[in-house]
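> Residue strings, one per chain:
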Amino acid sequence: MFFFILRRLGVLIPTFFGITLITFSLIRMIPGDPIEVMMGERSLDPVLHAAAMKRLGLDQPLYIQYFDYIGNLFQGNLGASLKTQQSVWSEFTTLFPATLELALCALVFATVCGLLAGVVAAIKRGSIFDHGVMGISLTGFSMPIFWWGLILIMLFSVQLGWTPVSGRLDLAFDVQPDTGFMLIDAWRAEMADPEYNAGAFKDAVMHLILPAIVLGTIPLAVIARMTRSSMLEVLREDYVRTARAKGLSPARVIFIHTLRNALIPVLTVIGLQVGTLMGGAVLTETIFSWPGIGKWLIDAIGRRDYPVVQNGILIVATLVILTNFIVDILYGIANPRIRHAK
Amino acid sequence: MTSISTAPTAAPVEDLAGGYPSPLKEFWQGFSHNKGAVAGLVFMTIVAVCALFAPWIAPYDPIEQFRDYFLTPPAWADGGSSRFLLGTDELGRDILSRLIHGARLSLLIGLVSVVMALVPGVVMGLLAAFFPKALGTLIMRLMDVMMALPSLLLAVAIMAILGPGLVNAMIAIAVVSLPAYVRLTRASAMTELNRDYVTASRVAGAGLLRLMFVTVLPNCMAPLIVHATMSFSSAILEIAALGFLGLGVQPPTPEWGTMLASARDYMDSAWWVVTLPGLTILVSVLSINLMGDGLRDALDPKMKRAA
Amino acid sequence: MSLLQIKNLSVEFGSEKNPFRAVEGLDLSVDQGEIVGIVGESGSGKSVTMMAMMGLLEGQGRIVADELSFDGKNLLTISARERRKIVGKDIAMIFQDPMTSLNPSYTVGYQIMEVLKVHQGLRGAALKARALELMELVEIPAAKTRLEAYPHQLSGGMSQRVMIAVALACNPKLLIADEPTTALDVTIQAQIMDLLVNLQKERNMALLMITHDLAVIAEVAHRVAVMYAGQVAEEGTVPQLFRHPVHPYTQALLSSIPEHSKGARRLVTLPGIVPGQYDRPSGCLLSPRCPYVQERCRNERPGITAHEHGAVRCFYPLFEKKEAP
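If you read the protein sequences in the order shown, they are chains A, B and C.
Following the working numbering, the numbering of the first sequence begins with 1 at its first residue and continues without gaps.
Following the working numbering, the numbering of the second sequence begins with 1 at its first residue and continues without gaps.
Following the working numbering, the numbering of the third sequence begins with 1 at its first residue and continues without gaps.
The following block holds chain A by itself, in its conformation from the complex (with noise of 0.2 Å):
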C-alpha cells in the first residue's frame, strides 16, 4: 500500500508542476501588452507603466519570471486581485466553502439517485424501468445545464413559487458566516436566535436545492449509466453464481457480492465528476448568482482581473488532481487486487 501510494504521487507531482507551467503562461500569452490590457487607459503612462512591469515581474527574463513564480507560490503567495487588492488565497477561502458546500450537495444527490437507478435498472434489465433510466440519463448527460437551470427557476421559482431566484440565504436573517457553509451557519443562526432567524435554515435548503439539482444533473445521468454497465458485468460472473448457489437471500447476493465488486469502476467516475463539478459550478454559480470560485473566476475574467484568473484556476486545478489522487488511493483499498500489486 505504502508503495502504491508513492508510486501515485510520482505522478502527482510532475502534473502540479505542468499545471503551474500552464497557468504561468496564461498570462503571458495575452496578445499585445499585458499590462495595457489590465489596466486600460491608465497604462499610457510610461511611468506607470514600468512600474506595473515591475511589480508583476514581467521586465525579466522569462525563466527568472517563472522561478520567481514557483518560489511564490511555495511561500503561498498567490498574488492580489487588481480590483480589490485582497490576496488572491484570502479571496479564494472566503468563497470556497459556497462552491464546496454546492458541489458536495450535488455529488450526494448525483451519487444516490445514480446509483439507485443504475442498480434497479440493471437488476430489471430490459423492463420499462430500465428503458426509462437509460433514456432519462442520455437526456441528462447532454443537457445545456445552464439552460437547465433556467427552466428550473422558470417553473419552480418565477411559476410556482416554491424557492429563491437566486444567492445563498434571505437578506432578512441575521447570519454570520462561520464557517462558510450556510447550512451550517443557518441552522448555528436560528438556534442562536429563534426568534428573529426563524426559518434561516429551511430558507438555507431552499436556496440550494435548485443548483444543487442542476450541478447534479450530469454527473448523476453518468453515474447511473456506469453503475447499471458495471452491474450487469458483474451480474454474469461466476462468483455471484457461486453465492447464489450457496442460499444466500438476493439482497445479500446483490449488495454483498455484487455491488461491492460493480463499485469499483463507478468509484472512479464519480471521482472523475469532481472535473465536471468544477467546471458546472461556473455555470451553475452565474445563473443563480452563488457566491462562490465559479462566479468569482467568471467575473474575474469578465474585468480582466488575471492575478485572479490565473491563480484561481491553479488553484482549482490543483484540488481537481489531489481529489483524483484520493480517489485513486480508495480505489485501491476496494481493490484487494491493486492494492497487492507490487
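Heads up, some of the hints might be wrong.
Said to hold, decoys possible - Straight-line alpha carbon distances no greater than 27 Å define the calculated BS3-like cross-link-like pairs of lysine-lysine that follow:
(1) K85(C) - K124(A)
(2) K35(B) - K17(C)
(3) K89(C) - K128(C)
(4) K17(C) - K124(A)
(5) K35(B) - K124(A)
Hints listed in this document are in silico derivations from the structure and should not be mistaken for laboratory results.
Following the hints, put chains B and C in place on chain A, whose structure we already have.
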C-alpha cells in the same frame, strides 16, 4: 448440414451465395437496428439541411428587427402572430430564423473543432505509441496535465486570453478535447502494434509513415469515429456554454448559447425566449449522442457486448 | 425413496413462440451415498439441468417437470425463501473455474464463514473454529494464515479446495460437482478428484459429477447418465454401461477414448456436432450423425425405455454387439 438457417441475428457463415455483405451494408444493418440512432440521424439530417440552406429556409434575416413585434409569442399561443412561427425576441427578431441560422454556427464550430482536435490528436497519439520512451512519456504527461483541468474551465481560461469570438471559440474547444483523442489513439495503436500483421508489414520493409498511417491507423478508426461523434456533441454544448457566459460568439450573431444569455431577464414574461433555444441545443446534442451509441453498436461488436 | 428425484424435466429458453429446449424429458434419480455421473459434450444440457434444480436460472429459463423433489420436498412448488434454506446447505455445488468462482473482494475465510453464518447461525469463536476445521478438512496447508488470504493470492487447486470447503460447510446431503477439475492442471486434477471421492465416502453424501471426461466417471461413479442435446441418451450402472453400451452415441463416445478401443486401428469419431438452437432435426436428435440411422429415426423422436440394466432412448438399441463401420 442444414439447408436454411433461420437465425434472425448474425449473418450465418454458410450464407455465401451472394458473397459477403459489403462492409457498408453490414454497418447500416447494425446501425439501423438501433431505433434511437436512426431517430437521431433523421433529426440531425434536418438540422444539417437547415444549416446548409439557412438563407433560403429561414423566413427572415436573423438580425432584422421588427420594431412593432417585440416579444411576440409563438403562433399557437395567445397573442401570437402567424408571421412569426416561434415568436420574436426582445429586439423583435424572428426566433425561428435565428435558430436556423444558429444551426449553421453550432455545426460549423463543432465540425471544425472536432477536426482541429482529431488531426493533431491522432498524430500525437501515434507518435506516443511508436516512440513510447521519451517522446511518448512527454506527450502523455502533457495530456495528463490538460486532463487535470476541468474542460469548461480550461476553455474559459483560453477564451479569457484570446478574447471572445468565433475562431477563438473553435480553438479553445479543440484544445480542450485534444487529450482524449491522444489517449484513445495511443491506447488502440499500442494494442495493434503487438499484432502480427504489423510485424509482417515491418519485416516487409514498410517505412515509419506507412506503418503509422496505412498499417496501424485504419485499425484504430472504430473507437476514434465513435469518440469523434461524442466530442462533436460536447463541442456543441461547450460553444453554447461559452456563448451563454458571454465569452463565445458575440451578439447580434445568432448563436444558440448566446441567445440564452439575455433570456434570463424574460423568464416571467416570455417563456419562448428561454425555452426554444435550449430545447434546440438539447435535442441536437441528444440526437448526436444517440447516433454515437448506434455507431458504437455498428462499428465495434466488442464494445456492444460489454455495454 | 431417492434423495433426488427428477422426472420428465424440461427447461426452455427464449420466447414463448420460438422456444429453445435446452433440456427435454430428463429423468434422473440419485440415492444417498451414491456417486452418479452425467456425461455429455458441451451444450448437451448437463449444467442447465443442475442450475434449474437449484433455482439458479433466475427466471431466464422456464422449468417444467412431472417431479422435481429433494429429500421429500417438492422443489417445483417450494417458495424461493424455502428453497434457499436447502440450496447451499443440503445441496451444495462446486463449479468449473475456481479462480473466477470466488469473489475477489473478500477473504477466503469470509466466504467460508458466510455460509456458516447464514445457514447455521454460527457466530464468533465457534464460527472461526469451524472455518478452520473446514480448511483443514480439504487439506489446505497453513490453513490459519490462508483464511486471511484473498482469492487472487491462491492457485487454482487451492481455490477449488476452498470452493469444496464452502460447499461442505453445512454437511450437505448432495454435492454437485460441475466439471470440478477441467480448469486445473493435470497433476492437480487427480488430487482434487481423490479429495472429493474420499470426502464422499467419509460422509456418505451423494455426489453428482458432471463431466465430459468418461475416464473420470469410469473410475469413481456408481451410475452414469449420458446426455445428448438436452436428453438422456442412455442411463445405467457404470460397469454395465461401459462394457455393453446400447445407445449408438454412448458407443461412439466410448470408442473415442483410447483405452476403450484397444485393437482398433484408429479412434472412432462421430461426424458433425451437437445440433444447436435452429438446426434440430425433426426425428431422433442423433439421426444426422448416427451410423445406424434408419428411416424411422429421421421422422420420429424415440422415447426413453427401461431395460434390464438401465434405460435407453433409441428405436434400435445395440443389444447385440456390433462394430461401428
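> A separate judgement is required for each hint: does it hold in the structure or not?
Results for each hint:
Our distance criterion of 27 Å between C-alpha atoms is met by K85(C) and K124(A), whose separation comes to about 25 Å. With a C-alpha separation of about 24 Å, the suggested pairing of K35(B) with K17(C) holds against the 27 Å cut-off. The straight-line distance between the Cα atoms of K89(C) and K128(C) is roughly 18 Å, inside the 27 Å bound, and the hint therefore holds. Of the supplied pair hints, the one linking K17(C) and K124(A) holds, its CA atoms being roughly 22 Å apart against a limit of 27 Å.
In summary, the hint linking K35(B) to K124(A) is supported, as the alpha carbons are separated by about 21 Å, within the 27 Å threshold.
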